[in-house]
Amino acid sequence: MSTLFINISLVSFMVVIALMITFSHRLFAIIIMSGAYSLISAAMFVNLDAVDVAFTEAAVGAGFSTVLFLAAMAWLPAEEKRNKALVILPLMICLFTGSLLMWAVAYLPALGDPASVVHQHVAPRYLAESYDKLHIPNVVTTVLASYRGFDTLGETIVIFTAGLGVLLILMGKTGRSPKPKKVDISAKVSEARDEDVNEK
Amino acid sequence: MTDLLLSHWNYFIVVLLMMIGLFILISSMNLVKKLIGLSLFQTSVFLFYISLGKINGGTAPIIMKSGHDGHSSHEILYSNPLPHVLILTAIVVGVATTALGLALVLRIKASFDSIEEDDILLAKRELRKRSKSS
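Which chain is which? The protein sequence lines are A and B, in order.
Numbering-wise (this note's numbering), the first sequence opens with residue 1 and increments by one.
Numbering-wise (this note's numbering), the second sequence opens with residue 1 and increments by one.
A portion of the hints provided could be inaccurate.
[Claimed, not checked] Derived DEER-like restraints, expressed as beta-carbon distance ranges:
(1) Trp103(A) / Ile76(B): 28 to 38 Å
(2) Asp151(A) / Arg128(B): 39 to 49 Å
(3) Val87(A) / Asp113(B): 25 to 35 Å
(4) His135(A) / Leu121(B): 55 to 65 Å
(5) Glu126(B) / His25(A): 20 to 30 Å
(6) Ser9(A) / Leu122(B): 38 to 48 Å
(7) Leu122(B) / Asp196(A): 30 to 40 Å
(8) Asp113(B) / Leu70(A): 19 to 29 Å
(9) Leu122(B) / Ile32(A): 23 to 33 Å
(10) His25(A) / Leu121(B): 18 to 28 Å
(11) Lys124(B) / Trp75(A): 19 to 29 Å
(12) Ala74(A) / Ser133(B): 32 to 42 Å
(13) Leu77(B) / Ala106(A): 21 to 31 Å
(14) Ser186(A) / Asp113(B): 18 to 28 Å
[Said to hold, decoys possible] Counterexamples of contact, computed for chain B against chain A with all Cβ distances above 10 Å:
(15) Thr2
(16) Glu116
(17) Leu127
(18) Arg128
(19) Lys129
(20) Ser131
(21) Ser133
(22) Ser134
[To be verified] Derived lysine to aspartate or glutamate pairs resembling EDC-like cross-links, with alpha carbons at most 20 Å apart:
(23) Lys65(B) / Glu129(A)
(24) Lys129(B) / Asp113(B)
(25) Lys109(B) / Glu79(A)
(26) Lys34(B) / Glu79(A)
(27) Lys34(B) / Asp132(A)
(28) Lys65(B) / Asp151(A)
(29) Lys81(A) / Asp113(B)
Hint data in this document are derived by calculation from the structure and do not stem from the laboratory.
The structure presented is a predicted model; accordingly, all values stated were derived computationally and were not measured.
Don't be surprised by glycine CBs; every beta carbon is placed ideally from N, CA and C.
Isolated chain B (complex conformation) (with noise of 0.2 Å):
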């Protein structure tokens, strides 16, 4: 049990994390406060590629060729680049949703002077019940 936790310490505080930020998204009525859970989800699981692309002993994914102290590449063992690049594309991406997140955020402010859920579906109604008596 203790081999299991110590073997996938990441993966489960990965699952934490997650699960935190997945609780900040829903349970938040704050707008800006969803979106910062969004952004702790997104880097958990980035945490979590990673996390798999280690190799134990490995080193980072950058060729070493000397050739003069005898070290050829394939005695270096490198970690797993394919999860890296992966995810070097999915941070400028989540930044890029960020940014339209925040974009629409203030759309919102300016036409309900508020950022709460709460207040924009009431102010909705109430839109929505004098457009139907006039």
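Excised from the complex, chain A in its bound form (with noise of 0.2 Å):
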């Protein structure tokens, strides 16, 4: 009961900090916003008894990739530019799908059932003997790297590429990576300053 309690107030948690995000106009806060929720969930996947990807959630997806858009900030405007956004056309998408999935989703197993059709297939076959073939304890670990092997391979390839298109993106005709503009903050700040004790 306790477990369910936990859920329900860390997914509400989730949805109050997607609202925000939604409404928020200035970059640096939406960044930092997402990085929270991304933390939120790797404690959602440790209550989910998920350990290994609440690790991988907290590391690359709060960590490495709130470093990323910061770093990326560096040559982008920090403010979105208020403007018409699209909002009506957006919101019956959005409505119609959502109401679709909601009404399939309906219809699964209750959370944590175990005579689920999930539970039924290949991962008692995994539970049951991964450890006496390959004595490692870690049952998520044994399936990565040795029954699925050739995913994690795969994997590996699509990150390679990732980064090469990165690296040619970045470096394009030029074949220097740009750098950024130096903003002189301290001229900026003294402007500010001015244009305060103009007011007063």
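Once you've looked at the hints, go ahead and assemble the two chains, each given alone in its own frame, into the complex.
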């Protein structure tokens, strides 16, 4: 029961953060909030017994991707331009898709039901025999590196391609990576101060 | 009704989160905010998979073979490790796509001096007009 309560409070918190992201216009705040969102989802993963996923989400989702976004912000404006954003059409699309998904989701087996179809196929075999065959206590590691080793190989190929793509896109024709524009902060600060004084 | 809501709470919330991510993705004109929306969508899909793998009273799928206190591995209930493996792969691939998207955004900023979609579209239309008239 306590698991359920922790579950409910954590996911509700995630909804609050997602709504805050929707209504915010400052990109730095949005990025930090999405980091917080990832961190809370990592806590959710621990609660749902997926400790390995929680590690990865906390390190890669909350840590690395937040750092990536912040690094990219060195080249980008910090505020979203407040223009006439599309609202009605996206809202209609989301409501329609959402209600279809809700309808489908209501027919899923209850959360944590051991008789659910997901738990019937290969998973029991992995749990029963992987330790005797490979002597690694962590089943997730065994499946990742052995039973589904080709999957992981494919994953590394994807990451290699993405890294190569990032390098090629950033270097472009010039063969040099772009440098962030240097903004003289002290001048801006003194300008702002002057404005303050003038207002007073 | 309340029973359904309680036993499927995670799934309903996951759909809600997905739709919020999708809404940000479609409605926002700012490319960085679009990417954030995409990653919200992604994380909620991860949550959906992990919720499917949960078994009531189960524990993390790390085999405990003590042998001394009479516990055999069959008496302990473990959660399903398969969704965990799939999502481990998906998280890392998700970050790779985010990095690629950010690189493209930086390139667009260098070419058009803006990361707002409507500005970029205007600039492209202007460019096309100029190339036609010249």
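Outcome of the hint check:
Distance hint check: the CB atoms of Trp103(A) and Ile76(B) are about 36 Å apart, consistent with the given range 28 to 38 Å. Between Asp151(A) and Arg128(B) the C-beta distance comes to about 44 Å, which sits within the given range of 39 to 49 Å. Under the hint 25 to 35 Å, the C-beta atoms of Val87(A) and Asp113(B), about 27 Å apart, fit the expected range. Roughly 59 Å separates the CB atoms of His135(A) and Leu121(B), a value that falls within the hinted 55 to 65 Å.
Against the hinted window of 20 to 30 Å, the Cβ-Cβ separation of Glu126(B) and His25(A) comes to about 26 Å, which satisfies the hint. Distance hint check for Ser9(A) and Leu122(B): the Cβ-Cβ separation is about 45 Å, which falls inside the suggested range of 38 to 48 Å. Separation of Leu122(B) from Asp196(A) is about 35 Å and conforms to the stated range, judged on CB atoms against 30 to 40 Å. Judged by the Cβ atoms, the range 19 to 29 Å given for Asp113(B) and Leu70(A) holds: they are separated by roughly 21 Å.
In this structure, Leu122(B) and Ile32(A) meet the distance hint of 23 to 33 Å, their C-beta atoms being roughly 31 Å apart. At about 20 Å, the beta-carbon gap between His25(A) and Leu121(B) stays in the expected band of 18 to 28 Å. With their beta carbons about 20 Å apart, Lys124(B) and Trp75(A) fall inside the hinted range of 19 to 29 Å. At roughly 37 Å, the beta-carbon separation of Ala74(A) and Ser133(B) lies within the given 32 to 42 Å, and the hint holds.
A hinted range of 21 to 31 Å for the beta carbons of Leu77(B) and Ala106(A) is consistent with their spacing of about 26 Å. Hint check: Ser186(A) to Asp113(B), Cβ distance near 25 Å, so the stated range 18 to 28 Å holds. Remark: the non-interface label on Thr2(B) is consistent with the geometry, its nearest Cβ contact in chain A lying 13 Å away (cut-off 10 Å). For Glu116(B), the non-interface assignment is contradicted: its Cβ lies about 5 Å from the closest Cβ of chain A, within the 10 Å cut-off.
Look at Leu127(B): its CB is around 18 Å from the nearest CB on chain A, clear of 10 Å, so calling it non-interface holds up. The beta carbon of Arg128(B) sits about 21 Å from the closest Cβ of chain A, which is more than 10 Å, so the claim that it is off the interface holds. Distance check on Lys129(B): its Cβ is at least 22 Å (rounded) from any Cβ of chain A, clearing the 10 Å threshold; non-interface status holds. Its beta-carbon lying about 19 Å from the closest one in chain A, Ser131(B) satisfies the requirement of being farther than 10 Å from that chain.
Separation of Ser133(B) from chain A is adequate, the least Cβ-Cβ distance of about 26 Å exceeding the 10 Å criterion. Non-interface call for Ser134(B) relative to chain A: holds, since the shortest CB-CB distance, roughly 22 Å, exceeds 10 Å. Pair hint Lys65(B) plus Glu129(A) holds up; C-alpha atoms about 13 Å apart against a cutoff of 20 Å. Distance check on the hinted pair: Lys129(B) and Asp113(B) sit about 19 Å apart at the alpha-carbon level, within 20 Å; holds.
A distance of roughly 14 Å separates the Cα atoms of Lys109(B) and Glu79(A); the hinted pair therefore holds under the 20 Å criterion. Pair hint Lys34(B) plus Glu79(A) holds up; C-alpha atoms about 14 Å apart against a cutoff of 20 Å. The straight-line distance between the Cα atoms of Lys34(B) and Asp132(A) is roughly 47 Å, outside the 20 Å bound, and the hint therefore fails. Simply put, Lys65(B) and Asp151(A) have alpha-carbon atoms about 28 Å apart, too far for the 20 Å limit, and the pair is violated.
Between Lys81(A) and Asp113(B) the CA atoms are separated by roughly 13 Å; this keeps the pair inside 20 Å, and the hint holds.
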